[in-house]
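Enquirer: As a plain string of letters, each chain reads:
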Amino acid sequence: MDKTDKPVKVYVAVSARFEPDGKIRPLSITWEDGREYRIDRILDVRRAASLKAGGAGIRYCVKIGRTETYLFLEDNRWFVERRV
Amino acid sequence: MASRGGDAQVERTIFHIDMNSFYASVECLHRPELRDKPVAVGGDVEKRRGIILAKNEHAKKFGIKTGEVIWQARQKCPELVVLPPRFDLYLRFSRMAREIYADYSDQIESFGIDEAWVDVTGTPKLAELGAEALAHEIRKRVKFELGVTVSVGVSFNKIFAKLGSDYKKPDAVTVFTRGNFREKIWPLPASELLYVGPATRRKLKSYGIETIGQLAQTPPETLRKWFGKWGLVLSSFANGLDTSPVARTGEEALIKSVGNSTTAPRDLTCDEDASIIFWMLAESVAERLREGGFMCRTVQITLRDNELFSFERQMKLPEPTFLASELHAAAMRLLRAHYNWRRPLRSVGIRGTDLVPATTPVQLSLFENPEKQIRRARLEQAMDEIRRRFGHYAIGRAGTYVDPTLTQINAKDEHTIHPVGYFKAV
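If you read the protein sequences in the order shown, they are chains A and B. Just so it is clear: in the first sequence, position 6 is 6 by the numbering used here, and no numbers are missing. Just so it is clear: in the second sequence, position 201 is 201 by the numbering used here, and no numbers are missing.
To be clear, the hints were calculated from the coordinates, so they are not data collected in a lab. Be aware that one or more of the hints could be misleading.
Straight-line C-alpha distance at most 20 Å; calculated PhoX-like pairs for lysine-lysine [said to hold, decoys possible]: (1) B:Lys61 with B:Lys168; (2) B:Lys37 with A:Lys52; (3) B:Lys76 with B:Lys61; (4) B:Lys184 with B:Lys140; (5) B:Lys60 with A:Lys52; (6) B:Lys60 with B:Lys140; (7) B:Lys37 with B:Lys61; (8) A:Lys52 with B:Lys143; (9) B:Lys203 with B:Lys184.
Sample of chain B residues lacking proximity to chain A, with all beta carbon distances greater than 10 Å (derived) [claimed, not checked]: (10) Arg31; (11) Phe93; (12) Phe144; (13) Glu145; (14) Val148.
All residues carry an ideal CB built from backbone N, CA and C; glycine is no exception.
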């Protein structure tokens with residue numbers, strides 16, 4: 001909270017594809033300012049907690065361009081960890 | 001392998017997993033900015049009845065205890081952050097933990113919302129890793145996946161496993177074997193044993209028994225003379241002879257009773273006073289029973305007088321109910337039968353136990369107009385709806401407005417989730 005007053009947990013809009021086997025594959029993320037980022041690859045999927053943002057759910061490690069980032073599905077909301 | 005009566009018995013491996021400072025841990029996970037501060041989860045902060053439901057490690061250092069009144073806790077630690085409880089969130093974490101345990105065994109017995117026994121006897125993972133390493137694997141998984149810590153007790157019976165999860169915490173594993181339990185468990189105070197409460201502890205102390213070892217070495221016959229059958233149970237607990245199985249309980253068993261209690265805004269001095277508070281509590285319990293899809297078959301009341309002496313009385317209902325009017329009538333009957341107003345009452349509680357699904361067919365009373373019963377149910381459901389839409393105080397029973405100093409309570413928002421009884425679950 002010292003560097004910025006914005007919360008680390010950022011809920012984002014996500015477009016996703018529901019696969020026939022029940023898996024959910026996120027395709028793109030829309031950031032707070034409206035910019036949309038296409039997810040190029042999903043590197044890893046597992047249940048995990050986010051200590052940084054504060055929450056727990058299914059953690060997708062995704063590649064957007066050259067950046068790797070975590071995207072969390074918590075119940076039915078998606079969030080990412082803001083970089084501070 | 002232990003052998004008794006010629007039957008070779010497979011040695012059991014039982015885990016007791018305790019989610020440490022559960023409510024406070026879940027809150028601190030979700031509020032990173034509070035993690036370094038003393039934090040507690042408490043009932044209504046503004047009114048005098050609010051109590052501490054859970055606290056984090058920092059708050060513990062100030063000597064803050066679960067069950068104490070919030071203003072007392074604040075005296076010990078003025079900077080204490082007290083958060084309102086969010087039971088839906090805790091239930092979600094409880095469920096996620098259970099899903100992890102279910103990867104290792106299908107024999108899981110929940111004990112309240114934050115504790116469970118898991119019997120891993122004969123599972124492939126146990127053969128692969130051994131008990132201690134397996135316990136550590138579960139501990140690490142919960143920490144990684146849920147962001148909260150557990151302590152795991154490993155032993156050959158449920159009682160010692162439970163002791164183990166208390167022995168070292170948070171985020172730890174303790175193993176009690178047949179080889180080490182005398183050395184490790186026997187020096188512990190007898191009150192550490194499950195079901196040795198203050199009354200039993202006092203009585204044991206009066207006979208000079210203070211440790212689990214002393215209890216174990218007292219002849220069972222002597223204990224039976226002091227405590228009746230219960231004495232034999234205590235003896236078997238202390239000697240590691242408890243054989244009760246880990247019951248397969250479903251999630252629905254997490255909630256075994258629905259109850260509310262409250263410290264009244266002023267001390268109660270007569271049946272009429274108590275009736276008003278019982279109305280508020282009965283309405284809240286009834287509303288929550290309906291919400292959960294339950295009816296209760298037994299009603300229990302708790303009374304605590306102004307010298308803080310408290311006791312419980314209960315009665316079985318002729319038919320299961322989720323109606324406030326029937327809970328209230330039962331509570332008043334219990335009160336009249338068991339209390340003589342020698343001292344004013346400070347707090348009272350109602351609990352519906354022995355829950356059955358609300359879909360259970362009900363035998364309509366022979367002596368009462370069944371139409372009336374159905375109309376009462378409709379009336380109360382309509383009240384639920386009005387309160388859901390317009391707030392708790394939008395509608396109320398005329399009787400509860402007799403004394404406005406007593407009625408400023410919205411009992412329903414203070415949920416209480418009680419753990420499953422040890423023996424009932426077997």
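Enquirer: Does each hint fit the structure? Answer for all of them.
Expert: Here's how the hints hold up against the structure:
| no. | hint | in the structure |
| --- | --- | --- |
| 1 | B:Lys61 with B:Lys168 | 16 Å, holds |
| 2 | B:Lys37 with A:Lys52 | 16 Å, holds |
| 3 | B:Lys76 with B:Lys61 | 10 Å, holds |
| 4 | B:Lys184 with B:Lys140 | 25 Å, violated |
| 5 | B:Lys60 with A:Lys52 | 24 Å, violated |
| 6 | B:Lys60 with B:Lys140 | 24 Å, violated |
| 7 | B:Lys37 with B:Lys61 | 11 Å, holds |
| 8 | A:Lys52 with B:Lys143 | 14 Å, holds |
| 9 | B:Lys203 with B:Lys184 | 24 Å, violated |
| 10 | Arg31 | 6 Å, violated |
| 11 | Phe93 | 7 Å, violated |
| 12 | Phe144 | 6 Å, violated |
| 13 | Glu145 | 4 Å, violated |
| 14 | Val148 | 8 Å, violated |
Checked against the numbered hints above, the structure violates hints 4, 5, 6, 9, 10, 11, 12, 13, 14; every other hint is satisfied.
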